[in-house]
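Based on the hints, put chains B and C in the right spot on chain A.
Chains as they are written, first to last, in my numbering: chain A, -11 to 249; chain B, 891 to 1140; chain C, 499 to 814.
A few of these clues could be false.
[As the list claims (entries may be wrong)] In silico DMTMM-like pairs for lysine to aspartate or glutamate, Cα to Cα no more than 20 angstroms straight-line: (1) C:K758 <-> B:D1000; (2) B:K1009 <-> C:E693; (3) B:K963 <-> B:D1012; (4) B:K963 <-> C:E693; (5) B:K896 <-> B:E906; (6) C:K758 <-> C:E693; (7) B:K1107 <-> B:E981; (8) B:K963 <-> C:E702; (9) B:K944 <-> C:E702; (10) B:K962 <-> C:D756; (11) B:K944 <-> C:E703; (12) B:K962 <-> C:E702; (13) C:K566 <-> B:D986; (14) B:K1091 <-> B:D920; (15) B:K1004 <-> C:E693; (16) C:K758 <-> B:E981; (17) B:K961 <-> C:E702; (18) C:K617 <-> B:E1116.
[As the list claims (entries may be wrong)] Here are the simulated distance ranges between beta carbons: (19) B:N1008 <-> C:I686: 25 to 31 angstroms; (20) B:E949 <-> C:L631: 36 to 42 angstroms; (21) A:N168 <-> C:L613: 34 to 40 angstroms; (22) B:P979 <-> A:K213: 54 to 60 angstroms; (23) B:G905 <-> C:L613: 24 to 30 angstroms.
What the hints contain is simulated information worked out from the structure, not anything from laboratory work.
For every residue, glycine included, the Cβ atom is placed at its ideal position computed from N, Cα and C.
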Amino acid sequence: MFKSFFLIFLFSGFVYPQRIVSLLPSYTEIIFELGAGDKLVGVTNFCDYPEQAKKKDRVGDYLSPNIEKIYKLKPDIIFMGEWRNDFIKKIKNLKAKTIVINQEKSVEDIYKTIRIISKHINKEKEGNEIIARMKKEIDSSKKKSYVKVYAEVDKDLWSVGSDSFISDVISKSGGINIFNDIKIPYFKAQWEEVVKRNPDAVILFSTGYSEFVSRPLADKIKAAKDKKIYVLTPEERNLFSRPSPRIAEVIKKVSEYLSSK
Amino acid sequence: MNNFIKIKNLFFNYGEKKVLKGLGAEFSADIVGICGANGCGKTTLLKIISGIIKEYEGEIEIFDKNIKDYKKKELATLLSFVPGEVNTPFEFRVMDILLMGRLPRLNFLDSYSKTDFNKIFDIADKIGIRSILDRNFNNLSNGERQLVLVAQALIQGSSVILMDEPTSHLDINHKIKIFDILKNETFSRKIKVITVLHDLKLAADYCDEICFMNDGKFDFKLKPSELLTGCDKISKIYSISEDKIKRYIL
Amino acid sequence: MKKNKNLIFYKIFFSALLFCLFSYFSLTIPSDYDKDILINLRIPRFLTLIITGFSLSTAGMILQLLTKNPLADPFIIGTSGSSMLAIIISNIIGLKFYGFEYFFLILSFSVSATLISYKISVLSSSQNTSLLLSGIALNSFVLSIIVIFVIFSRDATVNFFHLSFGSFAYNEYRVIGYSFFIISILFIIISVLIEHIKIIAFDEEKAETLGVNTKRLKLIVFIITAALTSVSVSVSGIIGFVGLMIPHITRRLLSNADLKILFLINAVYGAFFLLISDLAVKSLFYPTELPPGVISSIAGSIFFIWLVLKREKRNE
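Same shape as in the complex, but just chain A (with noise of 0.2 angstroms):
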């Protein structure tokens, strides 16, 4: 019997990866948050949080990753998007094992990303740690509700439908996304609809807070009216859109501004 075990503690540092690669900087955070930041080899340039991801080895942007660089530093385990299909073939043909994750269209999502990601470096329980925690610290910062939210995402009208990550974020944090009815998660808005929905508050990504008052018919907007005009900084901006476990962060000061005065 103390054979098996001592086989299998032996097999368990094979069979389990050592070597990790992630494409996305929400997978390099929640790796870290998992404890086997150690064992991360490779990592994007944009994988910014936390400060010893900066520390590790870059294999490209997101988009198109270093295939050449991957391959140097020989992975066991990659964890990328649902991107380019010719980028996934290529690297599925390096000989790690490749997991690819769906994108996160909602908060929920991030719950099973941590699942699949924790499974496969064998650290499920503080996996399931990580999500209670998220859910406990969410569901304590719903405030109000019914505050109507118009999330401008990028310069000149655009915003998000319902199916994407920022809106089910802006729901999380107890805002109504005047555009909950459109399906499409990206798509530019017409200005015209914008004020006739009249949103009570406004998260701006990247246009600035004088762009957006100087609009014809602006200042008939509640939002601008009491002054509930968020911009976001850049690093803000970037938590916004991250479905990593800093969310609950983001969600806790944004219900916060929507529900103040």
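Same frame as chain A, now just chains B and C:
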């Protein structure tokens, strides 16, 4: 007889190539034909006289005044140019094209008046193109197109008409028709015609004098009656034997 | 007989126009509509559309006539790349979009680029072709620099997309007013020069011998084209297709009209076309927005193919 066009020492280069090398001439006859081998500079000469090409050396006088001293519009009332052919991707009615001929006589902000239209109808009748006034220029036959271009020049009402191989690609009936009209005009309105020609027979029938160009200059000129006796000179220009030329002219 | 056909055509056209205007302002607006929105958003949008349609179709027509090339587009002479560059620069230095200084920046860039193309083309023997070629070269050069810049900045990417396809949203009445004023002056100049332009479109050498100063006229017309194009770009970004195809459509539908009337009707057709495009966007894609350049390209290509096929049938 007054020389209406005087050319002195005309030099023109097309890039590195020397085209006109000190050409000089004086024209007084009613219909002057200009002949010469391909590429000897006939078309270039016409374009310089008509003002299309402006960078040349030498002096050109029309009615005793240097063409550079004329205002552009004034020159247009004295000279008109008939190109060998016109290529345009757009549709133009014959009527519109003829109206263009009236432009030099129009003041800046005027539009075309009844006088203009009447003149056009007169000339259209004379030339016999009244029936095609409403048709699209691009849909006409070669002969009809050339008639329109000649009509346009006549409508311009200029004293001198310069023509660049106007009948090269026309059938005989149109060749004759056009030159008959021009001959008529030189009688009735005292206009002068200078035309570049390839057809020596046509030149013999209609021109009052034929000037031969060679190597960037005028070599010699002949009256139609002198054509046969001048065959030796002609053969040198075209580098064909004298006999062949004689046979062609006869 | 011909007069009757024309009359019926005009009747249909005007009824269609009225119907579209009516739909634009009423059918796509629900009953509890706000007067404020109408005055401050709908009407400026409508006027912007008209400015764009007028400028682009006219610029296209005179450019095609002057270069004797039915495939010339007003953006080809260097105005597309240069206006994009101007817009990106105004973004960097923080000029307000659709404002006054913004308009002049675009105008100066457009005209300068056109002058550069023109100067290059004058040196060659076949000026018309060279003008378009040097315009294309200039556009490509500027565009590649812009693209390099855009790859490194996400904000610029989105801007770039918006720029390439235009937008009719939010213009101030002040900008609209100035644009109309400038267009009117340019139109007056064009109507004075139109006979001369017509002659150049027939044969440049004949134009010269008819007393037209072709060199000066060409320069003036190119500058007018650049000015019209930049008015359009400054109010609605870059909208392709209109300048290229609308003159064709006008010529096909009204082959025998006097050029003075033709160019005005051409302008109206341009505006009408954009009106229909915007109507389609508002009814089909509500409440999302589809950039006008996209619709005009699709709808226009289809229409043009139909026109070409119709012509082929006639020739057989």
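Taking the hints in turn, this is what the structure says about them:
1. C:K758 <-> B:D1000: This hinted pair holds, its Cα atoms lying about 13 angstroms apart.
2. B:K1009 <-> C:E693: OK: K1009 of chain B and E693 of chain C at ~19 angstroms, within 20 angstroms.
3. B:K963 <-> B:D1012: 24 angstroms, violated
4. B:K963 <-> C:E693: Judged against 20 angstroms, a Cα distance of about 15 angstroms means the pair holds.
5. B:K896 <-> B:E906: 27 angstroms, violated
6. C:K758 <-> C:E693: 8 angstroms, holds
7. B:K1107 <-> B:E981: Given pair K1107 of chain B, E981 of chain B is violated - Cα atoms ~40 angstroms apart, limit 20 angstroms.
8. B:K963 <-> C:E702: Judged against 20 angstroms, a Cα distance of about 15 angstroms means the pair holds.
9. B:K944 <-> C:E702: 14 angstroms, holds
10. B:K962 <-> C:D756: Since the Cα atoms of K962 of chain B and D756 of chain C sit roughly 26 angstroms apart, the hinted pair is violated (cutoff 20 angstroms).
11. B:K944 <-> C:E703: 12 angstroms, holds
12. B:K962 <-> C:E702: 15 angstroms, holds
13. C:K566 <-> B:D986: Holds - the C-alpha atoms of D986 of chain B and K566 of chain C are around 17 angstroms apart, at most 20 angstroms.
14. B:K1091 <-> B:D920: Between K1091 of chain B and D920 of chain B the Cα gap is close to 18 angstroms, so the pair holds against 20 angstroms.
15. B:K1004 <-> C:E693: Cα-Cα ~17 angstroms, so holds.
16. C:K758 <-> B:E981: 15 angstroms, holds
17. B:K961 <-> C:E702: Holds. K961 of chain B to E702 of chain C sits at ~18 angstroms (cutoff 20 angstroms).
18. C:K617 <-> B:E1116: 51 angstroms, violated
19. B:N1008 <-> C:I686: 25 to 31 angstroms: Holds, at about 30 angstroms.
20. B:E949 <-> C:L631: 36 to 42 angstroms: The hint (36 to 42 angstroms, Cβ to Cβ) holds, given that E949 of chain B and L631 of chain C are roughly 37 angstroms apart.
21. A:N168 <-> C:L613: 34 to 40 angstroms: This hint is violated: roughly 51 angstroms between Cβ atoms.
22. B:P979 <-> A:K213: 54 to 60 angstroms: 59 angstroms, holds
23. B:G905 <-> C:L613: 24 to 30 angstroms: Taking Cβ atoms as reference, G905 of chain B and L613 of chain C lie about 25 angstroms apart, which means the hint holds.
Violated hints, in rising order: 3, 5, 7, 10, 18 and 21; the structure is consistent with all others.
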